[in-house]
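Asks: Each chain is listed here by its residues.
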Amino acid sequence: MNYVALVSATTLQRVQVTVGPHGSVTGVSTVDALLRAMRSPHDCCIVVDPTMLGHAGADALVAAFRDVPRSIVVYAPIAREALEPSVALAQQTAAQFVFQGAPNERSALGHALLLAPDAALGVALTTALEPMLLQLPHQLRLTLASMLRTGTGPATGEALAAHAGIARRSMDRALAAARLESSKFLIAAARLVRVYRAIVASRLPFRQIAAMAGYASQRTLDHHCTTFFGHSSAWLRRHPPSVADAVRNLTERVTLDEGVHSESAVS
Amino acid sequence: MHAQSFLDAIGSAHSAETRTLLTVGFGLVQQYHAIRDRGFDASVDDAALAALRAQLDTLSPLDREVMALRAIADALPHWDASAASAFGRRLVYTTLLQYGQALFGRAAATLAVTVLELVAVHAELDGEDGLSAQARLLCGFAWRTLGDWDASRQAYERAYELSRSAGELTIAIRTRVGLGYNASARGDLPGARALLRATATRAARLAPEALPYVYLAQANLESISGQYEEAVALCYRARQAAGADEEMQYASMVDLAQCLVDYGAPDVAEKALRAVLLSDLDVRHKIQTKIHLLLLSATLRREADFAALRDDLVPAPFTVRQRALYHLYVAQGLRTFGKLDDARTSADTALSVAREHSLFQLMFQAEEEVRAIEAAASRAHRVREEVLEAAPRAPRMSRRLERIAGAISTMLEAPAAV
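Which chain is which? The protein sequence lines are A and B, in order. Be aware that the first sequence starts at 145, since it is given in this note's numbering, and climbs by one per residue. Be aware that the second sequence starts at 11, since it is given in this note's numbering, and climbs by one per residue.
Chain A extracted, bound-state conformation:
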């Protein structure tokens, strides 16, 4: 994985140490250079300090994201000059945020960089599921769409309902009415969006991927891969499917056929 970073020299060093042997990190000093890297034909993950971006830079990054969805990691100090651009990126892209000074800053940065989701997969999946998502209550629709785009979000059905501001039972009924699988299934699908790139396009050990993504074990990760893609993680790494095929598999598994429930498949 290639990482292109618009950050300070100290932060660039930290990013390089975090990525280690699992990718290459290139530092850029201007927003234009960052946007050029984003629009290049080669896949990359963008790492950005919003204080170096500013309002205009954030708007340009949002526009570029609409054309060419890329993984974006915003490594932000909690300072007023960083917040306005951060809000724009949070609202209009699938950016992941790592806040400097948080107790888990280092591990959060590692997760964000090494498990950077495939932005194209996330965008394509939410586009494919849009007819179903439009039938959901507003906040649930937004939360679920964000989850499926970024691979991050609530880890349990209760947490998802809390995020969406509705009762668990109401959420379950709404999902069924929209012909979507249960919340547990959707959360499992979102988690796979998160780890998909790490599985098919990196050399991270599967055990490490499973642990970082919150799976109980590597076996659980493989079980989910088999459920959604029909193959184990090792097979997927050897025979990486196209984004279109991955989207098709995920869409088929998260939409409900008449009278069929698959919750037991992701226990």
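Just so you know, these hints were derived from the structure itself, not from any lab. The beta-carbon is built from N, C-alpha and C at its ideal position, and this holds for glycine as well. Misleading hints may appear alongside valid ones.
Unchecked claim - To give a feel for the contact side, a few chain B residues facing chain A, derived at Cβ under 8 Å:
1) T105
2) Q144
3) F347
On the provided structure of chain A, position chain B as indicated by the hints.
Replies: Positioned in the frame of chain A, the structure of chain B alone reads:
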């Protein structure tokens, strides 16, 4: 409940600056509750936040607590931002966590627990398991400092559950480390040892970046057990496992120095601390390191160095805990040089500061020091010290110490490599 804690703290504040800090903190927490209940309303909240920011402008901008409070004030207007990704909520919870940590640094442990538990509960209600886990981890540490083992254990156990579900493995490992510290502090050394051994195995497989925490906890345990050789080796292992993590490098070097002193190798300990001073660390870590060097200079009987460090540290921007520790070490040093009257004055100061701010561990150490000063007057105590100094060091440990000293000397010669 949080209101009462803040009001009690404001009522017992000893300076105008502390009162201002606590008042602003209380005001911001109240603002947080209001915004959480009804959303951000610029027509009402902008003025309130501006007034609180204005009070912060009268205080030192470098103070950790001031920075944390300013971050909360900056974050609150964005509470509702990007509800889909919960960016605003995560931002506010993170700033509140930082505030809780800053309160802890000022030895306001009771107030820190109040803020951290607020974050823990609200974040969990909002489905932010990772943030709730972080808050509960910090609560576990705070409760242990306050001596409430049950509350500490409950906080760590819940933090473990939440961190596993959120995939926060480093937090999960640190909760087990926290439980290990609890066990050893309660005297259950075999239980602590077994728990930390299992945790080290798990961390090596799943979260190697958390290994330094485990090794330092194991070193602490071995040091308590009197197994100083093992403690030194574990600290050194933590230093090596820390890699580019400056905070862990600092923590491991300081713990290594402490273990070396306990073992009777203060000269090697001094090298470890001087290596820390040469590194590119935060000023508060360097102040802490100089405080430890102050004690070491007394242990090594270098009166000139001791006096120089003591004077150098007088204008330092201490935290409350550092101020108590400084006076405690000055007392111990002066006792070493036979200046018992001055030592007693410093020990009394340390005890007074520790009592005032409920720093129980430092309070006990200061009381111990007062007793030691009183005993130092007796001839029997002086004779015992002379006998201990004459005890030979084990040859195997001498060789190991030579290797460690050599490695630290290399670090001193090439500070960029640290």
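Asks: Each hint needs a verdict: does it hold in this structure or not?
Replies: Here's how the hints hold up against the structure:
1. T105: It holds, given that the least Cβ distance between B/T105 and chain A is near 6 Å, below 8 Å.
2. Q144: holds (5 Å)
3. F347: violated (41 Å)
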